[in-house]
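Number of protein chains: 2
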Amino acid sequence: MALVVQKYGGTSVATVERIKDIARKVVAAKESGHEIIVVVSAMAGETNRLLTLAHQVSEAPDERERDVLLASGEQVSTSLLTLAIRDLGHPARSFLGHQIRIETDNAYGKARIKSVDSTRIIQALKDGEIVVVAGFQGVDEEDNITTLGRGGSDTSAVAVAAALNAKVCEIYTDVEGVFTTDPDICPTAKKLDRISHEEMIEMASTGAKVLQIRSIELAKKFAVPVHVRSSFTDVQGTWLVEEDESMDSVLVSGVTYDKDEAKITILRVPDRPGLASQIFTPIAEANIIVDMIIQNASEDGTTDLTFTVPKADYKKAISLVEKTASVIQAKGVTVDPHIAKVSIVGVGMRTHAGVAAKMFQVLAREGINIEMISTSEIKISVVIDEKYTELAIRVLHAAFIEKQGNL
Amino acid sequence: MALVVQKYGGTSVATVERIKDIARKVVAAKESGHEIIVVVSAMAGETNRLLTLAHQVSEAPDERERDVLLASGEQVSTSLLTLAIRDLGHPARSFLGHQIRIETDNAYGKARIKSVDSTRIIQALKDGEIVVVAGFQGVDEEDNITTLGRGGSDTSAVAVAAALNAKVCEIYTDVEGVFTTDPDICPTAKKLDRISHEEMIEMASTGAKVLQIRSIELAKKFAVPVHVRSSFTDVQGTWLVEEDESMDSVLVSGVTYDKDEAKITILRVPDRPGLASQIFTPIAEANIIVDMIIQNASEDGTTDLTFTVPKADYKKAISLVEKTASVIQAKGVTVDPHIAKVSIVGVGMRTHAGVAAKMFQVLAREGINIEMISTSEIKISVVIDEKYTELAIRVLHAAFIEKQGNL
Numbered sequence: 003m004a005l006v007v008q009k010y011g012g013t014s015v016a017t018v019e020r021i022k023d024i025a026r027k028v029v030a031a032k033e034s035g036h037e038i039i040v041v042v043s044a045m046a047g048e049t050n051r052l053l054t055l056a057h058q059v060s061e062a063p064d065e066r067e068r069d070v071l072l073a074s075g076e077q078v079s080t081s082l083l084t085l086a087i088r089d090l091g092h093p094a095r096s097f098l099g100h101q102i103r104i105e106t107d108n109a110y111g112k113a114r115i116k117s118v119d120s121t122r123i124i125q126a127l128k129d130g131e132i133v134v135v136a137g138f139q140g141v142d143e144e145d146n147i148t149t150l151g152r153g154g155s156d157t158s159a160v161a162v163a164a165a166l167n168a169k170v171c172e173i174y175t176d177v178e179g180v181f182t183t184d185p186d187i188c189p190t191a192k193k194l195d196r197i198s199h200e201e202m203i204e205m206a207s208t209g210a211k212v213l214q215i216r217s218i219e220l221a222k223k224f225a226v227p228v229h230v231r232s233s234f235t236d237v238q239g240t241w242l243v244e245e246d247e248s249m250d251s252v253l254v255s256g257v258t259y260d261k262d263e264a265k266i267t268i269l270r271v272p273d274r275p276g277l278a279s280q281i282f283t284p285i286a287e288a289n290i291i292v293d294m295i296i297q298n299a300s301e302d303g304t305t306d307l308t309f310t311v312p313k314a315d316y317k318k319a320i321s322l323v324e325k326t327a328s329v330i331q332a333k334g335v336t337v338d339p340h341i342a343k344v345s346i347v348g349v350g351m352r353t354h355a356g357v358a359a360k361m362f363q364v365l366a367r368e369g370i371n372i373e374m375i376s377t378s379e380i381k382i383s384v385v386i387d388e389k390y391t392e393l394a395i396r397v398l399h400a401a402f403i404e405k406q407g408n409l
Numbered sequence: 003m004a005l006v007v008q009k010y011g012g013t014s015v016a017t018v019e020r021i022k023d024i025a026r027k028v029v030a031a032k033e034s035g036h037e038i039i040v041v042v043s044a045m046a047g048e049t050n051r052l053l054t055l056a057h058q059v060s061e062a063p064d065e066r067e068r069d070v071l072l073a074s075g076e077q078v079s080t081s082l083l084t085l086a087i088r089d090l091g092h093p094a095r096s097f098l099g100h101q102i103r104i105e106t107d108n109a110y111g112k113a114r115i116k117s118v119d120s121t122r123i124i125q126a127l128k129d130g131e132i133v134v135v136a137g138f139q140g141v142d143e144e145d146n147i148t149t150l151g152r153g154g155s156d157t158s159a160v161a162v163a164a165a166l167n168a169k170v171c172e173i174y175t176d177v178e179g180v181f182t183t184d185p186d187i188c189p190t191a192k193k194l195d196r197i198s199h200e201e202m203i204e205m206a207s208t209g210a211k212v213l214q215i216r217s218i219e220l221a222k223k224f225a226v227p228v229h230v231r232s233s234f235t236d237v238q239g240t241w242l243v244e245e246d247e248s249m250d251s252v253l254v255s256g257v258t259y260d261k262d263e264a265k266i267t268i269l270r271v272p273d274r275p276g277l278a279s280q281i282f283t284p285i286a287e288a289n290i291i292v293d294m295i296i297q298n299a300s301e302d303g304t305t306d307l308t309f310t311v312p313k314a315d316y317k318k319a320i321s322l323v324e325k326t327a328s329v330i331q332a333k334g335v336t337v338d339p340h341i342a343k344v345s346i347v348g349v350g351m352r353t354h355a356g357v358a359a360k361m362f363q364v365l366a367r368e369g370i371n372i373e374m375i376s377t378s379e380i381k382i383s384v385v386i387d388e389k390y391t392e393l394a395i396r397v398l399h400a401a402f403i404e405k406q407g408n409l
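Line by line, the protein sequences give chains S and C.
Per this note's numbering, residue 3 is the first one in the first sequence, and the count goes up by one each step.
Per this note's numbering, residue 3 is the first one in the second sequence, and the count goes up by one each step.
Just chain S, with the same shape it has in the complex (with noise of 0.2 angstroms):
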């Protein structure tokens, strides 16, 4: 007898039909001999409606409340999934995050976990209880609410195997698994059967969609065996494991893509120190992420500074920047919203050189210009004209991976 974490997401539970099914899933891998815990998400666009109604009654809705809010998505999931367990004649008992103390820090909308009680939920199991978890929220030291950001349930899903020490963690999902690039993009895209924690947060970070980078770093720290697989089939999907050294050969294991950024230059900027900081620190305090950054220096004492901001925030970017820019008298400032970026990971750049050559000659032999580059150990992500897309994830996915190792 196994311990499996198994968790749905808001498309599992979208509906009372899809919830009975899921129910019968858990039931039939009860009685297939396991002690199951199950972590669900909101039914489907339930989160978007809560948002929709606390910018209906406030303009900039306070980060405390707007958690409370957002946190009875899951609570309603979570009871109906039970209750339609319970249906089945299984006994079945629910657990909201203050009551087995899935404990937070206190930044609303993104905390991060810091520990689980696991009392409650050994105790059910040991009455023979499928325990139905929600996800996705928890409790600051003093009991508020706060919730784990987009994604979030897979974090909470993760915690709670580590607590308890589960065999596995399964993330169902709409797709197979972890996919070489985006499928309806490029039809030869590959399931992988397996790809290290490094490569996963290095894809999530760049665009894929899949997992919670938190959730990513949590399996690795603890060494839960997360497997995502599919809810409408039961075909093994990828798992999440630790890298070794058959890897090093995969040169490429992903090619993602990022369409939701913005890229801001600034002409001119003085090239004095401090200037940086006068630039980044508005934006900083507005709590826009920057990405990537660029800075050129050039011979007339003056440097070109680009860097890319999340779309929906550019607007109040470049406001902020224009303050600066005119400040610290540099020549003016620019704006692209139509950009893309473009990256791929793989472990197997740590011991190969020339990886970026070729993936640079790949695009310019089509024609594709390059506005940034950045890299980090096992990744290259460059910044392309959007509408360059799609042809770019096609040739870069032929050159890498349809071609392995050939460089």
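Watch out, some of these pointers could steer you wrong.
Covered stretches of chain C (chain S as the covering partner; in silico rule of three or more C-beta atoms under 8 angstroms from a C-beta of chain S) [what the hints assert, rightly or not]:
hint: 1; stretch: 15-29
hint: 2; stretch: 95-108
hint: 3; stretch: 202-215
Between beta-carbon pairs, the in silico distance windows are [as the list claims (entries may be wrong)]:
hint: 4; chain 1: C; residue 1: GLY35; chain 2: S; residue 2: ASP107; range: 33 to 43 angstroms
hint: 5; chain 1: S; residue 1: ILE296; chain 2: C; residue 2: GLY35; range: 56 to 66 angstroms
hint: 6; chain 1: S; residue 1: PHE234; chain 2: C; residue 2: ILE330; range: 49 to 59 angstroms
hint: 7; chain 1: C; residue 1: ARG152; chain 2: S; residue 2: THR283; range: 51 to 61 angstroms
hint: 8; chain 1: C; residue 1: GLU324; chain 2: S; residue 2: GLU144; range: 53 to 63 angstroms
hint: 9; chain 1: C; residue 1: ASP236; chain 2: S; residue 2: PRO284; range: 39 to 49 angstroms
hint: 10; chain 1: S; residue 1: LYS223; chain 2: C; residue 2: ILE124; range: 39 to 49 angstroms
Calculated directly from the structure, the hints in this document are not laboratory data.
Note that the structure is predicted; figures quoted are calculated from it, not measured.
The beta carbon of each residue, even a glycine, is placed where N, CA and C say it ideally should be.
Please arrange chain C on chain S, whose structure you already have, making use of the hints.
The following block gives chain C in isolation, referenced to the frame of chain S:
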């Protein structure tokens, strides 16, 4: 500066616009110099929507899980109202049942409040915040979520007012206060300026839907001044007060009715000890609440036993009763769902004889047949044919209230 508790029901927070209206009302009260605690119900219709979902996933929803589900309704309205108040520039903070430990017993769906921890509320008030408390919900000793039953937010409000020693607990409704009878049926109905706890309890238990009975009991026990008033006007409503001598002169304070019961009669029950218990035990075990019971001993050693149950339960009750009737060899079972219970309530009855006789006379004069009678110290209820309900109310109101004091 006085501490005021205000309770708003579901219709007051039914839409985003109404929530904003209430927020303005609350802020005005705060700005007039009071400390304010607001207790809210779920948005009108929400509790029923959630109950429907529960019944769609489960034929007989588990009570613990149903309470988790229902409590989410108040979580939404509470956080939305807090957001709306903050949007007006006033600090405000929401508290759910578990955050201020509104501790109840574990009778899911009809839990009774045992205590409220006022620590966090006191701190928030000290910080100058308007406090918004989720009505209708609490937690038991083990932190399981409980709900208090229909009208439970009234009881939440009075319990919070008692714990904080508030100067007044204002219950806002869509009428101007407590009326002598239903103004929709009887246009001469008058608003009562004050009413004793005992009378209010009897009126609530015989059909007046103004306050949850438990809230009146708590108000009496902890001497909480309760003011039932309109959310649309500023006129004085009805105060709930301790009975005093001046009230004795008023024979009847209110005329109430209840069309939600059905009558069941078991014919020719052998008149043996223990048979009543044999009949009512299975009904009690099915959680069906029996209201009135009448038994007439006859000369042939048998008796006809008549009682009333909620209309919603009467089919279940009949099948149980028919089984018992055949076991105990009664002659048969008849049922009448088309009945109404009409009651008159008044503390003056304690000191004046002849009220019942006059009531029967007034009804007889209109040809209304009395099928059952039940009395308490300050109330007389009669069961009549449902079709005479409105007529009975009007003639009783005319005889006892419009011509106050004439026997």
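Okay, the hints, checked on the actual structure:
1. 15-29: As far as the stretch 15-29 of chain C goes, the hint holds, because 4 residues have Cβ atoms under 8 angstroms from chain S.
2. 95-108: Held - the stretch 95-108 of chain C has 5 residues with a Cβ nearer than 8 angstroms to chain S, which meets the minimum of three.
3. 202-215: Result for this restraint: violated, n = 0.
4. C:GLY35 with S:ASP107: 33 to 43 angstroms: holds, 37 angstroms
5. S:ILE296 with C:GLY35: 56 to 66 angstroms: Check passed, 58 angstroms falls within 56 to 66 angstroms.
6. S:PHE234 with C:ILE330: 49 to 59 angstroms: holds, 57 angstroms
7. C:ARG152 with S:THR283: 51 to 61 angstroms: Holds, since ARG152 (chain C) and THR283 (chain S) (Cβ atoms, about 55 angstroms apart) stay within the stated range.
8. C:GLU324 with S:GLU144: 53 to 63 angstroms: holds, 57 angstroms
9. C:ASP236 with S:PRO284: 39 to 49 angstroms: Holds: the Cβ-Cβ distance is about 47 angstroms, inside 39 to 49 angstroms.
10. S:LYS223 with C:ILE124: 39 to 49 angstroms: Since LYS223 (chain S) and ILE124 (chain C) have Cβ atoms about 40 angstroms apart, the given range 39 to 49 angstroms holds.
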